[in-house]
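Engineer: Chains as they are written, first to last, in our numbering: chain A, 1 to 637; chain B, 1001 to 1469.
These aren't lab readings, by the way, just hints derived from the structure by calculation. A couple of the hints might just be wrong.
[Said to hold, decoys possible] Some chain B residues near chain A, calculated using beta-carbon distances under 7 Å:
no., residue
1, I1019
2, V1059
3, K1160
4, L1164
5, P1224
6, A1227
7, W1228
8, F1283
9, L1287
10, I1288
11, I1290
12, G1291
Each residue gets a CB set at the ideal place from its N, CA and C atoms; glycine is no exception.
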Amino acid sequence: MEHTVSYLGFIPLLPLIGAVVIGLLHMFTCRKTPLPEIFYGVLACVGPVLSFLLALVVFFQLKGLPAEERFLTHNVFTWFAVGDLHVDMGFLADPLSSLMLLFVTFIGSLIHIYSVGYMAGDENFGKFFSYLNLFLGSMLILVLGSGPVVMFVGWEGVGLCSYLLISFYSKETDNVIAGNKAFIVNRIGDLGFVLGMAFLFWAIGDLGFDYLSLKANVASIPPGVGLAVCLLLFIGACGKSAQIPLYVWLPDAMAGPTPVSALIHAATMVTAGVYMVARFSFLYAHYPVAGSVVAWVGILTALLAAIFGMFQKDIKKILAYSTVSQLGYMFAGVGVAAYSAGIFHVFTHAFFKALLFLGAGSVIYALHHEQDIWKMGGLKDKLPKTYWTMIIGAFALSGCPPFSGFFSKDEILFSALASGHTGIWLIGVLVAGMTAYYTFRMIFLVFHGKPRVQESFDHAHEPPAVMTVPLIILAVGALFAGFLNLPGIFGGNLNVSHWLAPSLSELHPHVSFWVELLAITTSVVAFAIGITIAFKKFGQGATEPEFTGFAKFGYHKFYVDEIYNAVFVQPYKAFGSVISRFLEPNVTDSHVKLSVWLYQKAGAAFKVFQIGYVRVYAIYMVIGLSLMSLFLSQTIN
Amino acid sequence: MNDFLSLLPLLIISSGAIILMLLAAFEKSRLETASYLSMGFFAVAFFVQLLVGCGPTIVIFNNVFNGMLAASNFTQAASLIILACGFFTAMTTHSYFKVNHFSSLEFYAIMMFGACGMLLLTLSQELITSFIALEIMSLAIYVLVGYNRSNVKAAEAVLKYLMLGAFAGAFFTMGTALIYGGVKSTKFVEIGAFCAANSATAPLILGGTFFIFVALLFKAAAFPFHAWVVDVYDGASTPVTGFMATALKTAIFTVFANFLAQNSGLHGSWVTFLFYISVLTMFGGNLIAIGQSNLKRMLAASGIVHSGYLLIALVAISTEHFTGSVIAYYLAAYAAGTLGMFAALAYLGGEGEKRCTFDDFKGLAKVRPYSAAAITVFLLSMAGIPPTAGFMGKFYVITSAIAADHMALAILGIVSSILSMWYYLRLIINMYFHKTEDTFETKESVFATACTFILVFCVFAIGIYPIVI
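Chain A on its own, in the form it takes in the complex (with noise of 0.2 Å):
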């Protein structure tokens, strides 16, 4: 059963149109005067702030149903249709939508209001709060979207955003470099994602082409083409949520302003792979080969991301690093078919994060564009509000229970043991410990200790209202997101597991208490290890150490983007300049030139006709009628 509520397509439009106005508007008057920027900032908190009030009403209405009908759609148009493939412009709210909707636009609305006050005096201050609602907007239809093909829209739609931001300062080539880096390492990605749609439509696109049908059909695919379809289309999740081998944008990606950051981070791109694979999850729960490699490359990112996270020295690129990190936690939860596990991490995980990032912010912003931490310190008296904030932050993202990182995470680690995934269990437990500590390593080198820049520390000052207040409601969430999904361990009874279930294929195993508290305990104890290491080491005061061997090779990210030149770009490029210079001249252009001379002359030879001499036309109407009534007497006879 189905029901079909036409404000659904308002809720990408509204930034949609904000992208519009505010892009518009922006190109009329940045040659001229400005507008003012308070103008701006509202314009665009404007289009968020409703979509969230009107997700929240979507996700009133779908609570209101009955659990098997909670499917709210709207067909706005037909796409297109041609043959069997008949795409709608439509739009699909279910229980995963509605929950991928809410804090989506819950905290993108948060991060706008931020943005006001972090982009003050900006020159391109409208230019980028245009983007910025495009982003949003795109990251709306990717999750509402009904099909694979509306869905794409909004996947190539946080693409192109997620470049234009992250070179956002294009003023310096390094920006600009690092936004070509996550366009092209996302095209690799879009390619997996549109052989994977490619597939799935010549398996059983005919029968339509949006979830519902693809879900109802799904057992008629042929078994090699659905492997290679979850695959390819995990390749395609790979390049958005940044997983093993495409990762390597994401860090470069800090460029960007640091709401950009957050944004990417917390509410929309990199958690849209997370998102498409549980999305299918009505096809990966038939592979659990395929299965089995997402949950092992999200595992062994994790384990790579955080140990690259635990030498890094640029407060971002820490953040960053732990993203990448808490994306393996999510694909290995969704990897081994715990889809609610995955998305649950997901939601806790956009609070936390981007808590993290725009308290990270409020310190740079403080401290004038510092984000080396090993020029910073002592700052807990200088920024209370961003460090309590941030404190609560780096207890829910290492997993300290109660925030609501650990009820997350624990979900993950705890389906990996249940399904007998042990390896991922206990790579996923080491990786817990890792992440308190270089979470805490940056906790401690930032806020606590001396000051070991004076000059910036003594102009530092907490930033204003704008930017605390959005701070402090994410702290909240921070701190209490955990509670919706409470395991009956700890007498809850999996609210947001329920609430999911409807949309998702997954199964749930019964296992035992022991199980389940042998997973808890783990987690615990290995946050309990990695925060003491980092207080013995950091806690009171530390100095840049010289790093030598494997640390050395940590800092330096195991040189995988050197590698990745050496053996994809440069014989890449190599290769181009064969072609260019030997291939082409030598032996396409000569054919590629004749043809061009051949049309011209041609076209100069058809120049001849148009005379200009009225007789002569009309002789051409003669001699075409004589030809065609000669052709004519043929075909009759």
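Got chain A sorted already, so can you dock chain B onto it with the hints?
Structural biologist: Same frame as chain A, but now just chain B:
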């Protein structure tokens, strides 16, 4: 009542034309007022047409016109396109006549008479009515083409058009006479019934339809009856060219499709013929277009190519599979791009249309970035690049050809589309990759500029939100 409602847009436009004519006769109003009035009439007629929308049923005017006229979804779409073309042309001329002072009030009246003829032509279901409508339209267009009497080029253009047009008109009447001789009726339906009952290759029918096709192909500028187009488009003033290129073509193809759709037997024997004509039209048009250095001439030649595409859709037409929606969609997409292009040329051209060649537009993007961007959008739409309307139009035309088992035609259509890039991209290259030589100063031209940007929006809107009737 339904009869009356379906006819209402035509009535509005014709009464508007008469009112404007009277105003001009008594010299009671200014040129600007006349342009506002005609914009108003077109807009009102457009919305009336939109509201009337007779749904899936076909209104045949049996009581009033003895079945000589009929309205369907297809004719309504066509009349919407024609009315929109009229509206945008009126907007463009408003600005154009601020710079080029040769107009008088009658201009708008005559334009509206032309539109009357076109609307009537879309509705007509009978050969004599078609002929009358065709001539109402043509007479008005002749006058518009030669409106600038002091311009030799315009005088030359109107003379050529008039002479060749008369030639074509003679074919039409001759064809009608032959068909009447064979069928004893001039109604499309009865011709179709006759062909179904007897052979469609009876000499009188064959000869008659042949002559009628010649006349229609002439008006649609299909090869080898295309030669007049380039000179006439060049000689006429820019907004008039835009009007001719879009509204007139819409009317002709509508009546062409109506005629073929009613006569499936007739159509069957003509498929091969139309197949070759459409291929020749596409490729001939391309070859003419690449040799041009004047933009209006290039656009005229590209109009020939677009006629070729529309002929593909006509080839693919059949009773089970009426490609009217494809034709209407293509016409709408083409109209949006072409009208926008001519609107931009009208205000950028300046006094006496001094900027009209590829070279004159070098470096436009540096001085007038928005105008250059708009022109780029129109050119890309005409070339068929997504997500513009032109892409979807070509897409539908080609899929309709594939659906009708004309694979060769589909492939040739795509090849022709690639060839057409040459002259579209050439202008884009000139605008963006060359040094600015001109200052591109233009006088105040609010309406033409507004028209250009509204049409940019339309090009995207039609492309992203394809309305399939």
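Engineer: Would you mind marking each hint as holding or not holding in the structure?
Structural biologist: Hint check:
1. I1019: violated, 36 Å
2. V1059: violated, 26 Å
3. K1160: With a closest approach of 5 Å, the K1160 of chain B hint holds.
4. L1164: The hint holds - L1164 of chain B has a Cβ within 7 Å of chain A, the shortest such distance being about 6 Å.
5. P1224: Where the cut-off is 7 Å and the nearest Cβ of chain A is about 3 Å from P1224 of chain B, the hint holds.
6. A1227: holds, 4 Å
7. W1228: It holds, given that the least Cβ distance between W1228 of chain B and chain A is near 6 Å, below 7 Å.
8. F1283: violated, 9 Å
9. L1287: holds, 4 Å
10. I1288: Holds, because the Cβ-Cβ distance from I1288 of chain B to chain A comes to roughly 5 Å (cut-off 7 Å).
11. I1290: holds, 4 Å
12. G1291: holds, 4 Å
Hint compliance for this structure: hints 1, 2 and 8 are broken, all remaining hints hold.
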